[in-house]
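Engineer: Respectively, the protein sequence lines represent chains A and B. Numbered according to my numbering, the first sequence spans residues 15 to 480. Numbered according to my numbering, the second sequence spans residues 15 to 480.
Be aware that a few hints might be false.
Because identical chains share one entry, a pair is satisfied inside a single copy or across any pair of copies.
Distance condition first, Cα-Cα at most 20 Å in a straight line; then the derived SDA-like pairs of lysine to any residue [claimed, not checked]:
#	residue 1	residue 2
1	K367	Y381
2	K367	G254
3	K334	L115
4	K334	S443
5	K334	P114
6	K334	R56
7	K294	S443
8	K367	G418
9	K294	H233
10	K334	N442
11	K334	D116
12	K367	D257
13	K334	C370
14	K334	P111
15	K294	T32
16	K334	R72
17	K160	E295
18	K334	A283
19	K294	T375
20	K334	A54
21	K334	G176
22	K334	P355
23	K367	A339
24	K334	N445
25	K160	R92
Please keep in mind that the hints were generated in silico from the structure rather than gathered at the bench.
Listed below are the residues making up each chain.
Protein chains: 2
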Amino acid sequence: MNGDSSMSADVVRHLNDTQEDALADLFDFLRIPSVSADSAFRADMQRCARFVAESMQRAGLTTEIVPTPGHPIVLGERCEDPQLPTVLIYGHYDVQPPDPLDEWTSAPFDPVIRDEKIYARGATDDKGQLYTHLRSLQAWMTVAGKLPVNVRFLVEGEEEVGSDHLDRFLEEHRDRLQADVAVISDTSQYGDGIPAITYGLRGIVAAEVHLRGPSQDLHSGIYGGSIANPATALARLCGGLLDADGRVRIPGFYDDVLPVSDAERAAFAELPFSEAEFLKETGCQDVWGEAGWSTLERRWIRPTCDINGMVSGYTGEGPKTIIPAWARAKITCRLVPGQQPDRILDALEQFLKDRCPPGLTLTFTRYHGCPAFVLDPTGPWVTAACRAVEEAFGTPPVFIREGGSIPVVMSFRQILDVDTLLLGWGRNSDNLHSPDEHLHVVDFHRGTTASALLWERLRLTADSAS
Amino acid sequence: MNGDSSMSADVVRHLNDTQEDALADLFDFLRIPSVSADSAFRADMQRCARFVAESMQRAGLTTEIVPTPGHPIVLGERCEDPQLPTVLIYGHYDVQPPDPLDEWTSAPFDPVIRDEKIYARGATDDKGQLYTHLRSLQAWMTVAGKLPVNVRFLVEGEEEVGSDHLDRFLEEHRDRLQADVAVISDTSQYGDGIPAITYGLRGIVAAEVHLRGPSQDLHSGIYGGSIANPATALARLCGGLLDADGRVRIPGFYDDVLPVSDAERAAFAELPFSEAEFLKETGCQDVWGEAGWSTLERRWIRPTCDINGMVSGYTGEGPKTIIPAWARAKITCRLVPGQQPDRILDALEQFLKDRCPPGLTLTFTRYHGCPAFVLDPTGPWVTAACRAVEEAFGTPPVFIREGGSIPVVMSFRQILDVDTLLLGWGRNSDNLHSPDEHLHVVDFHRGTTASALLWERLRLTADSAS
Chain A
15 MNGDSSMSAD VVRHLNDTQE DALADLFDFL RIPSVSADSA FRADMQRCAR FVAESMQRAG
75 LTTEIVPTPG HPIVLGERCE DPQLPTVLIY GHYDVQPPDP LDEWTSAPFD PVIRDEKIYA
135 RGATDDKGQL YTHLRSLQAW MTVAGKLPVN VRFLVEGEEE VGSDHLDRFL EEHRDRLQAD
195 VAVISDTSQY GDGIPAITYG LRGIVAAEVH LRGPSQDLHS GIYGGSIANP ATALARLCGG
255 LLDADGRVRI PGFYDDVLPV SDAERAAFAE LPFSEAEFLK ETGCQDVWGE AGWSTLERRW
315 IRPTCDINGM VSGYTGEGPK TIIPAWARAK ITCRLVPGQQ PDRILDALEQ FLKDRCPPGL
375 TLTFTRYHGC PAFVLDPTGP WVTAACRAVE EAFGTPPVFI REGGSIPVVM SFRQILDVDT
435 LLLGWGRNSD NLHSPDEHLH VVDFHRGTTA SALLWERLRL TADSAS
Chain B
15 MNGDSSMSAD VVRHLNDTQE DALADLFDFL RIPSVSADSA FRADMQRCAR FVAESMQRAG
75 LTTEIVPTPG HPIVLGERCE DPQLPTVLIY GHYDVQPPDP LDEWTSAPFD PVIRDEKIYA
135 RGATDDKGQL YTHLRSLQAW MTVAGKLPVN VRFLVEGEEE VGSDHLDRFL EEHRDRLQAD
195 VAVISDTSQY GDGIPAITYG LRGIVAAEVH LRGPSQDLHS GIYGGSIANP ATALARLCGG
255 LLDADGRVRI PGFYDDVLPV SDAERAAFAE LPFSEAEFLK ETGCQDVWGE AGWSTLERRW
315 IRPTCDINGM VSGYTGEGPK TIIPAWARAK ITCRLVPGQQ PDRILDALEQ FLKDRCPPGL
375 TLTFTRYHGC PAFVLDPTGP WVTAACRAVE EAFGTPPVFI REGGSIPVVM SFRQILDVDT
435 LLLGWGRNSD NLHSPDEHLH VVDFHRGTTA SALLWERLRL TADSAS
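All chains, full assembly: derive it from the sequences and hints.
Structural biologist: Now the structure itself:
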């Protein structure tokens, strides 16, 4: 034990000595415009998958780039010793589209360090965080010539477009992916200098509604009032999703929501939370949401419904007197434990159809969905992770939930029967999915250290359990 | 009397004998690409103004081409005898842009006759219709050496871009434009072979509402439910504009609406109207509008509110899990007699502001507006026009309203205190504003004849009134 403990100190020392190399390598990763949503970047996606595979190989893993009907999945594995615990590490190499480009201070695929932050699309979501695990494994191989745990490493390229082919892949490769615990770094710290272990996630369903009316845009004077206007109707359909108190009005939406204990709500209430900081972070004038719940609760334990985009008719300068031929909106609902994605989508579709006036054709398209996730925060793997994080960050992590969804966490539970440690090194203020996405340099290095220590802690946990 | 009546027969005979000349001259007019929206055609606009002035001169009018900050206005006048009635004729020499060019069967500025229709941009809107009046006045001068009425002729070049400089021009030239009645041919017949006198137009107000929320697009998982979403809020604001029965829900919207008599509604009900044809024309599956009113009534005598365009957040393919930073909608209301544009805009703005959730900044931008127009269809000038049209078309015109707005008609009433006869020779199916715009040759000749007879009828009306 002691020998390994000093070994992990050597690994950490090595990581500290090679920080510049790590950044240079990460920058190569960030330079690849791996935008999964846009087929123009298909070749870059392939190139990015190869980059990931080569990084795994440098950590002693055997790798395979597995094609899917979409973008390839990169698999890596190393069985050090069947007696050791097996960890399944997950990440994604695809990134959100960088639009709107003119709102970036520096080019999204030309990483730079400014004010001790790494600026690039994917800096925090998820290349920068994923890379901490690649780097920590490489350090173990360099320093110790072996890993403290057996590793299965799965990195996909379709997380930002719904991971359409992941579940099928998990089902087909179930045997190769058996593990004792999974690790994902695709969440955030709770606040600056307050690392967190995320033990709950909201689920999600996503859909698009398209209304078609006249065969082409019509003169609003000649025809206005005599036919259903797709834009006005879409506003009516979507405008009814929330009531004035912020409650979702879809019938049955709250029926299956599981209650949250008073103790848990009390723990949330004790977390430091500054509304002023929150408003500064979001750039909003005020908070607003479901009556009767705090801002953290509205984000973590309450389901909601948002319009993510909407377009119809004339959107240029000045007026144009038309009735648009069609209108379209994108809608997502965030789910909490108990809610079933299919039931929610059924209810949403019915809600919209019930309110659609005659003469319009409504098309409802379903995208990806997954239920919410929640984990016992007192289990042994969580405790091991807690210690690694505390050692790397110099302070114990807090236990939080997150408002976002990581569908793979539910897939791991449902298909592989494995629970996931969600260890986020970045921050909510890192502009995920937005212009000027970034990752603090210090978070990158602390994350890499925590990752290196984690493998050792997981081994020790398995030791003491056996 | 009899002498003049036989004189008008001579004028009509002359017009019939010179139809080919009239077409050749109209074609010269149509060949000038007078696209007011595009500064590339500025020289053509000047050339077109000169063409109009020369045409007026051939009718014995003295002319002036008056510069404006935009395109020039052509003024013509002839005072035959102070005892005669004075007619103000209005038209516009500018045309819509011809795009999309590849959807034209023949070039838009190379007029041709196909299937007894004149194909060209401006054939019906408004050069072809305007030209009937230029031609009929020329014929009177040729045959009789004088006009039956005094004429003020105003032809502008900015109708298709909002007539920005017209009202100021009317105010500055009020004295030169005094008239007993105005005549405009920029509307349509009611149907094939059913000429119409349009005695009512809806008014319009136009506005834009812009909601700003977070300083940039935010992750809908991390923040969803805790801040007001501009897209969801905009849908809520705009979705409330109409109720399920198609009534506008803006408080006070209907307060000033003047009632329409049962007799007028009965007359509308007697007009031939095919819902199947209407659906074919619009490409809609069904009609829809305010409960309790027919399709024609919904278009002509009921006010309404339409969203003309709407945009927010992500509008590309697939889902994107964001809360948009802002959302924007363009709104127009069509007004009926009694409604005041400013009051309606005030009420609309208040309605939107009252429904805006905390945390969002609402900006309301007002565009142009004008009240509705309605004329007593039994008045002497209308009766005179009715006889001229009946004689030229061989069938009496029907009395209709239109759903669109012709702001100049309201400007004439408000600034010059003169009412307008709206006499449309073309058809709604003439592809106004679209590729393959055309005017039936027969409509052009009938319109020219009706115009020639109109001047005589207006003189007789004034005679009998005095």
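Engineer: Each hint should be assessed against the structure and marked as holding or not.
Structural biologist: Right, here's what the structure says about each hint:
In the homo-oligomer, the alpha carbons of K367 and Y381 lie at most 20 Å apart inside one protomer (18 Å), although the nearest pairing across protomers, at 34 Å, exceeds that limit. Proximity of K367 to G254 under the C-alpha cut-off of 20 Å is found in both arrangements, the shortest distances being 12 Å within a copy and 17 Å between copies. For the homomeric pair K334 and L115, the shortest alpha-carbon distance between copies (16 Å) is at most 20 Å, but the shortest distance inside one copy (28 Å) is not. With identical chains, the CA atoms of K334 and S443 are at most 20 Å apart between copies only, with a shortest distance of 19 Å across copies and 39 Å within one.
When the C-alpha separation of K334 and P114 is checked against a cutoff of 20 Å, the pair qualifies only between copies, where the shortest distance is 13 Å, while the shortest distance within a copy is 25 Å. Taking the closest pair of Cα atoms, K334 and R56 come within 20 Å of each other only across two copies (19 Å); inside a single copy the shortest separation is 38 Å, beyond that limit. Taking the shortest alpha-carbon separations for K294 and S443, only the intra-copy value of 10 Å comes in at or below 20 Å, while the best inter-copy value is 53 Å. In this assembly of identical chains, K367 and G418 lie within 20 Å of each other by CA distance neither inside one copy nor across copies; the values are 28 Å within and 31 Å between.
In this assembly of identical chains, the alpha carbons of K294 and H233 lie at most 20 Å apart only when taken from different copies (15 Å versus 44 Å within one copy). Taking CA atoms no more than 20 Å apart as the test, K334 paired with N442 passes between copies only; the shortest distance there is 18 Å, against 40 Å inside one copy. Taking the shortest Cα distances, K334 and D116 sit within 20 Å of each other only across copies (19 Å), while inside one copy they are farther apart (27 Å). Taking the shortest alpha-carbon separations for K367 and D257, both the intra-copy value of 18 Å and the inter-copy value of 16 Å come in at or below 20 Å.
For a Cα distance limit of 20 Å, the shortest separation of K334 from C370 qualifies neither inside one copy, at 24 Å, nor across copies, at 24 Å. Proximity of K334 and P111 under a CA criterion of 20 Å is satisfied inter-copy only: 9 Å between copies versus 31 Å inside one chain copy. Proximity of K294 and T32 under a CA criterion of 20 Å is satisfied in neither setting, with 36 Å inside one chain copy and 72 Å between copies. For the homomeric pair K334 and R72, neither the shortest alpha-carbon distance inside one copy (60 Å) nor that between copies (34 Å) is at most 20 Å.
In this assembly of identical chains, K160 and E295 lie within 20 Å of each other by CA distance neither inside one copy nor across copies; the values are 42 Å within and 75 Å between. In this assembly of identical chains, the alpha carbons of K334 and A283 never lie at most 20 Å apart, being 50 Å within a copy and 31 Å across copies at closest. In the homo-oligomer, the alpha carbons of K294 and T375 lie at most 20 Å apart only across protomers (16 Å), although the nearest pairing inside one protomer, at 42 Å, exceeds that limit. Taking the shortest alpha-carbon separations for K334 and A54, only the inter-copy value of 18 Å comes in at or below 20 Å, while the best intra-copy value is 33 Å.
In this assembly of identical chains, K334 and G176 lie within 20 Å of each other by CA distance solely across copies; the values are 10 Å between and 37 Å within a copy. In this assembly of identical chains, K334 and P355 lie within 20 Å of each other by CA distance solely across copies; the values are 17 Å between and 40 Å within a copy. Taking the shortest alpha-carbon separations for K367 and A339, only the intra-copy value of 18 Å comes in at or below 20 Å, while the best inter-copy value is 28 Å. For the homomeric pair K334 and N445, the shortest alpha-carbon distance between copies (15 Å) is at most 20 Å, but the shortest distance inside one copy (35 Å) is not.
For the identical chains of this complex, K160 and R92 are intra-copy neighbours only, at 10 Å inside a copy versus 104 Å across copies, given an alpha-carbon limit of 20 Å.
The structure fails hints 8, 13, 15, 16, 17, 18 (numbered hints given earlier, in ascending order).
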